[in-house]
Amino acid sequence: MKFLKNMKVLHKLLFLIVFFAISILAISYVSISKLSETAKSSATIYHEQLVPAELFSQISEDNRAINSYLLELLITEDTGRNLYLSENIDQTIKNSQSILEELSSMQLNPEIKQQLDLLTSLNEELNIAREDVKRLAMENKNGQAYELFQEKIEDKRVELNDLIENISTLNSTSAKTTYELAVSDSENATKIVIIVIIVSLLISSLVGILIAGLITKPIKDIQKLLGLAEKGDFTVIGRYDSKDEIGMLNQSFNNMIEGVNKVIRTVGETSEQVAASSEELSASAEQSTKSSEHISETIQELAVGAEDQVKHIEESTSVFSQINNSTQQIYENTQKVSGTVHQAAQMSGDGRKVINQVNDQMMFIDNKVTSLVESFNVLSARSKEIGNIIEVITNIAAQTNLLALNAAIEAARAGEHGKGFAVVADEVRKLAEESAHSAEQISKLVAHIQTDTKETMETVNNTTAEVKEGILVVAEAGKTFTEIETAINGVVPQINQVSELIKELLTGTDQVYTSIVEVQGVSQEAAASTQSVTAATEEQLAAMEEIASSAQSLANLAENLQDLIKQFKL
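Numbering-wise (full-length UniProt numbering), the sequence shown opens with residue 1 and increments by one.
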């Protein structure tokens, strides 16, 4: 109870709504649960009773059809008709076996399950006997087939039908029992749902009445207290104590009553003080009149001095304005110099980097030229070796030519037998002459190459000397750029320091100039104020008379206020 009392009004309403929602959910849950149980019972009746009953009926029809086909098979000798009947018998037996397998896989009553096992066994025996009867009938031994039918099939056929009828009876009994249980469960579910609804309505009504009372009763109490306060009774106090909005409203009402009491008492005390003060005010008004006349004379003298001060401050403002402008110009020039010096430092640094790159390139060129000199030296040596080889080839060609001449002479001496050798000797001589000619051309080319190589060597040597001299010049230039960069880097901090000092000076002059301008404004305002005060003192003299009159009126109002306060009950 106390827990609900301290809840916020919104929370109380939410509690009531949530309680109703829980009640509805409980009713819905019970209803759905019972409906689900009823649905399960219906499904059980369908799957465990109706479907098996239909299947057992189908087995009975299949057995009647098989027996009908067998009997017709026993009385006909038409081969085509016999084949047709035989196929129908096989197909019907197959269908019957499929139904029995389907029934075996179902969840049936144990007693029906036992009867189904007997039915399956009996059906297998019948199928074996039917196969024997069918075989004899297909051989047109109808007499023997009929005797076998009467002997092995007739009794079992009757037994099978009785067994199926017994199973159907058991299945109907089980379905009836399941149905009665479902009806009983449905009736119980209806009763439970009705009970839950009634209990939920009763509890919801009690909770609603309780919460409504917790909200409306304190509101009526506060309404009654407000009526008493409206009539001037400020001794009322709200007794409702809780942490909800109504409790806070009750506390606020008590605070308001207490505050009003304090205000009324304070007003009463103040009215007495006002009455006393009004008399003192009348006396002070006369004294203030005399003081105002003296103040007026003093302010006139102050106004003359303020005008002289304004003139001097205007002159100082003009001088400091010029100083401030000059300092600003110096600061801007210093900033430009600082920027130029920074740019020069950057350019000298870039120049030093470029000189370093040029120096690296010159060193690279020097290395390549040195390698080129070595390559030309190797080329010169190889040219000399080629010249020596050409000289050897020339000597060999001359000797080969002599040998070819000698061979031609010997071939001429040999006569007819030496003709073939003479031809070979002539070819050898021609080859020797061509070799000598080619060797002479190669020797000339090698001589030209050696001459060009010598000239190139001289050029490369001159280039090497110039490259080394260029390296020295570049190194000297790099050193010079480094010295320039060092000097500039030394100057930059000094320029920055000077710039900062000038900036501080500029800030100081700005502050001084601003202060002088403010002083000038204050002085002008003071001069204007003295004029205003002079006029105000004159007005004050006139107002003093009005104050004296108002003080008397204030005393009368204080007496009326005291009479009004006596009407309230405190």
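No lab work stands behind these hints: they were computed from the structure.
Here the structure is a predicted model, which is why all the values come from computation and not from measurement.
Treat the hints loosely; a few may be bogus.
[As the list claims (entries may be wrong)] Subject to a maximum C-alpha distance of 16 Å in a straight line, what follows is the list of computed EDC-like cross-link-like pairs (lysine to aspartate or glutamate):
| # | residue 1 | residue 2 |
| --- | --- | --- |
| 1 | 217 | 180 |
| 2 | 141 | 72 |
| 3 | 156 | 124 |
| 4 | 113 | 165 |
| 5 | 152 | 132 |
| 6 | 94 | 125 |
| 7 | 468 | 360 |
| 8 | 479 | 360 |
| 9 | 444 | 385 |
| 10 | 141 | 78 |
| 11 | 156 | 185 |
| 12 | 152 | 180 |
| 13 | 384 | 452 |
| 14 | 94 | 131 |
| 15 | 152 | 125 |
| 16 | 113 | 131 |
[Stated by the list, open to error] Each pair of labels, with its calculated beta carbon distance range:
| # | residue 1 | residue 2 | range |
| --- | --- | --- | --- |
| 17 | 503 | 464 | 15 to 21 Å |
| 18 | 118 | 191 | 21 to 27 Å |
| 19 | 169 | 191 | 30 to 36 Å |
Every residue gets a Cβ at the ideal spot worked out from N, C-alpha and C, and that includes glycine.
Comparing the hints with the structure gives:
Using a Cα cut-off of 16 Å, the hinted pair residue 217 and residue 180 is violated, with the two alpha carbons roughly 55 Å apart. At roughly 13 Å between alpha-carbon atoms, residue 141 and residue 72 fall within 16 Å of each other, so this suggested pair holds. A distance of roughly 11 Å separates the Cα atoms of residue 156 and residue 124; the hinted pair therefore holds under the 16 Å criterion. Annotation: proposed proximity of residue 113 to residue 165 holds, straight-line Cα distance about 14 Å (limit 16 Å).
Our distance criterion of 16 Å between C-alpha atoms is met by residue 152 and residue 132, whose separation comes to about 10 Å. Among the hinted pairs, residue 94 with residue 125 is consistent with the structure: their alpha-carbon atoms are about 14 Å apart, no more than 16 Å. Of the pairs offered as hints, the one joining residue 468 and residue 360 holds, with about 12 Å between alpha carbons and a cut-off of 16 Å not exceeded. For the given pair, residue 479 sits about 15 Å from residue 360 by alpha-carbon distance, which is consistent with the 16 Å threshold.
Distance restraint check for residue 444 and residue 385: the Cα-Cα separation of roughly 14 Å lies within the 16 Å cut-off, and the hinted pair is therefore satisfied. Only pairs whose Cα atoms come within 16 Å are accepted, and residue 141 paired with residue 78 is accepted, the gap being roughly 13 Å. A hinted pair counts as satisfied when its Cα atoms are at most 16 Å apart, and residue 156 with residue 185 does not qualify at roughly 43 Å. Distance check on the hinted pair: residue 152 and residue 180 sit about 43 Å apart at the alpha-carbon level, beyond 16 Å; violated.
With a C-alpha separation of about 13 Å, the suggested pair residue 384 and residue 452 falls inside the 16 Å cut-off, and the hint holds. The suggested pairing of residue 94 with residue 131 holds, with an alpha-carbon distance near 13 Å, which does not exceed 16 Å. At roughly 9 Å between alpha-carbon atoms, residue 152 and residue 125 fall within 16 Å of each other, so this suggested pair holds. Distance check on the hinted pair: residue 113 and residue 131 sit about 27 Å apart at the alpha-carbon level, beyond 16 Å; violated.
Distance hint check for residue 503 and residue 464: the Cβ-Cβ separation is about 57 Å, which falls outside the suggested range of 15 to 21 Å. The hint said 21 to 27 Å for the Cβ distance between residue 118 and residue 191, and at roughly 43 Å that hint is violated. Taken as a hint, the range 30 to 36 Å holds for the pair residue 169 and residue 191, whose Cβ atoms sit roughly 33 Å apart.
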